[in-house]
Amino acid sequence: MRNMQFYFLCLNARWIMSKALMAAASLYNDQRFLSKSELRIYKNKIRRQRIVRRQRVTLALVIAMILFAMIFVVSTLVSDAASDDYTPEYKYYGSITVGVGDTLWDIASDNISWSHYDTVEDYISEICSINHVEEEEIFAGDNLVIPYYSTEFK
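Going by numbering that gives the first Met the number 0, 31 is the number at position 32 of the sequence shown; the sequence numbering is gapless.
These are calculated hints, taken from the structure and not from any lab test.
Hints should not be assumed to be uniformly reliable.
Unchecked claim - Label pairs and their computed distance ranges (CB to CB):
hint: 1; residue 1: Leu-76; residue 2: Thr-96; range: 43 to 51 Å
hint: 2; residue 1: Ser-74; residue 2: Gln-48; range: 50 to 58 Å
hint: 3; residue 1: Ser-124; residue 2: Leu-60; range: 44 to 52 Å
hint: 4; residue 1: Ser-78; residue 2: Val-99; range: 48 to 56 Å
hint: 5; residue 1: Asp-84; residue 2: Arg-52; range: 38 to 46 Å
hint: 6; residue 1: Tyr-92; residue 2: Leu-66; range: 29 to 37 Å
hint: 7; residue 1: Trp-104; residue 2: Ala-68; range: 20 to 28 Å
hint: 8; residue 1: Leu-60; residue 2: Arg-39; range: 19 to 27 Å
No residue lacks a Cβ here, since even glycine has one placed at the ideal position from N, Cα and C.
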């Protein structure tokens with residue numbers, strides 16, 4: 000009986016209340032005024048929402064674990080580990096004397112290790128950096144320190 004009175008009150012109020020008042024009133028739905036079936040429907044709705052939320056979280060965790068496993072497997076397969084036939088090369092520095100008519104380009108071309116430098120310019124840049132000189136500042140009789148690589152450990 001009480002539910003019916005509330006229902007008719009809401010129907011009558013709908014004609015009297017504005018849309019804003021109806022929206023405000025709908026925020027204050029009280030479970031005391033719901034019937035058993037309405038309460039069961041409401042609780043089932045909440046339960047279904049929790050189940051869906053739990054399923055989404057579980058799905059997200061499974062996807063994250065699969066991605067982590069894939070990244071781990073790929074990173075171990077494409078590792079930078081040395082192979083069995085790898086022989087290490089050690090970097091050393093030697094000194095040479097610039098001869099008459101020698102250019103830094105000639106010296107670099109004769110001594111470059113292509114497995115460690117992409118271009119002759121890179122090697123020349125390192126020689127200039129080590130000796131604190133510019134390319135145009137070398138003269139016959141100057142001593143230059145040049146890097147070289149060897150598989151022999153000294």
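Tested hints:
1. Leu-76 / Thr-96: 43 to 51 Å: Check passed, 50 Å falls within 43 to 51 Å.
2. Ser-74 / Gln-48: 50 to 58 Å: The hint (50 to 58 Å, Cβ to Cβ) is violated, given that Ser-74 and Gln-48 are roughly 39 Å apart.
3. Ser-124 / Leu-60: 44 to 52 Å: Holds, since Ser-124 and Leu-60 (Cβ atoms, about 51 Å apart) stay within the stated range.
4. Ser-78 / Val-99: 48 to 56 Å: 50 Å, holds
5. Asp-84 / Arg-52: 38 to 46 Å: 55 Å, violated
6. Tyr-92 / Leu-66: 29 to 37 Å: At roughly 47 Å between Cβ atoms, Leu-66 and Tyr-92 fall outside 29 to 37 Å, so the hint is violated.
7. Trp-104 / Ala-68: 20 to 28 Å: 52 Å, violated
8. Leu-60 / Arg-39: 19 to 27 Å: 31 Å, violated
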